[in-house]
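Chain by chain, the residues:
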Amino acid sequence: MYTKLSMLNFFVVGNIKMHTSSKQLKKDFIKKWVKGLEICCSSNKKMDVMERKKKIKLCADIALASAKNATTSWSNALIYNAKKDDENAILVDNLLGPESRFNSQRTAHQMITFHKRVRSKRILKKSCTVSQRMKKASPPASNLATCIAKRLVKKRTQVLKKLVPGGEAMDEYSLIKEALDYILSLRVQVDVMRSLANATEVLD
Amino acid sequence: MSSRRSRQSSNGASRITDDQIIQLLSKLQQLVPEIRNRRSNKASASKVLQETCNYVRSLHREVDDLSDRLSHLLSTIDAESPEASIIQSLIM
Chain B
1 MYTKLSMLNF
11 FVVGNIKMHT
21 SSKQLKKDFI
31 KKWVKGLEIC
41 CSSNKKMDVM
51 ERKKKIKLCA
61 DIALASAKNA
71 TTSWSNALIY
81 NAKKDDENAI
91 LVDNLLGPES
101 RFNSQRTAHQ
111 MITFHKRVRS
121 KRILKKSCTV
131 SQRMKKASPP
141 ASNLATCIAK
151 RLVKKRTQVL
161 KKLVPGGEAM
171 DEYSLIKEAL
181 DYILSLRVQV
191 DVMRSLANAT
201 EVLD
Chain U
1 MSSRRSRQSS
11 NGASRITDDQ
21 IIQLLSKLQQ
31 LVPEIRNRRS
41 NKASASKVLQ
51 ETCNYVRSLH
61 REVDDLSDRL
71 SHLLSTIDAE
81 SPEASIIQSL
91 IM
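Chains as they are written, first to last, in the UniProt record's numbering: chain B, 1 to 204; chain U, 1 to 92.
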């Protein structure tokens, strides 16, 4: 196992300009991904291409989320969502291993409480809007641009919420913070996967 | 986001100001390649969010394509060749 990892590290961890936390994430990701691929792919060598691809991708996603060590919401949500799929639940548990910090009860609780809060806010808003509508006059032209800008931002935020795992359960501020970390982590994932693909191509 | 009111965070105890959000947005702007090249105060919030969404989507696509590529590469390896044993020992 040690020599395998050192070979992969040789191919992959070459970027000197990388921030130290990204470098650490890369190392943790490689370790977990390789371990996961062994668990997934070694049992059945006659897998068809689509199935192998799904396993490779699942291993990569779980490895990335697990490498965050439960320090971010998106990683917890990713694991939580992966476990919801009955087919994968056991495999995910195997991939995470016994030392995983992921707490499914806590993540589930967080998601449910957030949805409850959103619902009660919506009910409150509805009861207020009726009286507000009576008082409002039509807005002057100078506010129209602000109105449109606000609507655009709201629309884009909704889209981003769907892209970041667990985004629907986050407020604006957390969403942007999580998106920042998510992007950095995704880049690590892409770098490693690309290096392995290139190395495999050369050896083919 | 363009309003001047400060926002309450989910735990209610601390108030998130617009300035904090603006700071986060500028950090996001540094990360996303499409808008990184512009001068920092020129990109609006909606533009930053839009390009962020596009970037995340493209990263997702890359991961998907790379998984596909890896799957094809691994399945076309000639089982007898010495290279195959290297790859196989690496990840299988």
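Be aware that a few hints might be false.
Said to hold, decoys possible - Simulated crosslink set (BS3-like; lysine-lysine; CA at most 25 Å straight-line):
1) B:K125 / U:K47
2) U:K27 / B:K150
3) B:K35 / B:K84
4) B:K126 / U:K27
5) U:K27 / B:K154
6) B:K155 / U:K47
7) B:K177 / U:K27
8) B:K154 / U:K47
Claimed, not checked - Under 7 Å between C-beta atoms, here's a sample of chain U residues computed to sit facing chain B:
9) I22
10) L28
11) E34
12) N37
13) A45
14) L49
15) Q50
16) E51
17) C53
18) L59
19) R61
20) L66
21) L73
22) S75
It is worth saying that the hints were derived from the structure and are not from the lab.
The beta carbon of each residue, even a glycine, is placed where N, CA and C say it ideally should be.
The hints, checked one at a time:
1. B:K125 / U:K47: violated (28 Å)
2. U:K27 / B:K150: Holds, because 20 Å separates the two Cα atoms, which is no more than 25 Å.
3. B:K35 / B:K84: Answer holds: K35 (chain B) to K84 (chain B) is near 22 Å, not above 25 Å.
4. B:K126 / U:K27: Status violated; Cα separation ~35 Å.
5. U:K27 / B:K154: holds (19 Å)
6. B:K155 / U:K47: Holds. K155 (chain B) to K47 (chain U) sits at ~11 Å (cutoff 25 Å).
7. B:K177 / U:K27: holds (9 Å)
8. B:K154 / U:K47: holds (12 Å)
9. I22: Hint violated; I22 (chain U) Cβ to chain B Cβ min 10 Å, cut 7 Å.
10. L28: holds (6 Å)
11. E34: For E34 (chain U), the interface hint is violated, since the closest Cβ of chain B sits about 12 Å away, which is over 7 Å.
12. N37: violated (17 Å)
13. A45: holds (5 Å)
14. L49: holds (4 Å)
15. Q50: holds (5 Å)
16. E51: Violated, because the Cβ-Cβ distance from E51 (chain U) to chain B comes to roughly 9 Å (cut-off 7 Å).
17. C53: holds (5 Å)
18. L59: This hint holds: L59 (chain U) lies near chain B, its Cβ roughly 4 Å from the closest one there, short of 7 Å.
19. R61: Hint violated; R61 (chain U) Cβ to chain B Cβ min 10 Å, cut 7 Å.
20. L66: Nearest chain B Cβ about 4 Å off; hint holds.
21. L73: It holds, given that the least Cβ distance between L73 (chain U) and chain B is near 5 Å, below 7 Å.
22. S75: holds (5 Å)
Of the numbered hints listed earlier, those contradicted by the structure are 1, 4, 9, 11, 12, 16, 19.
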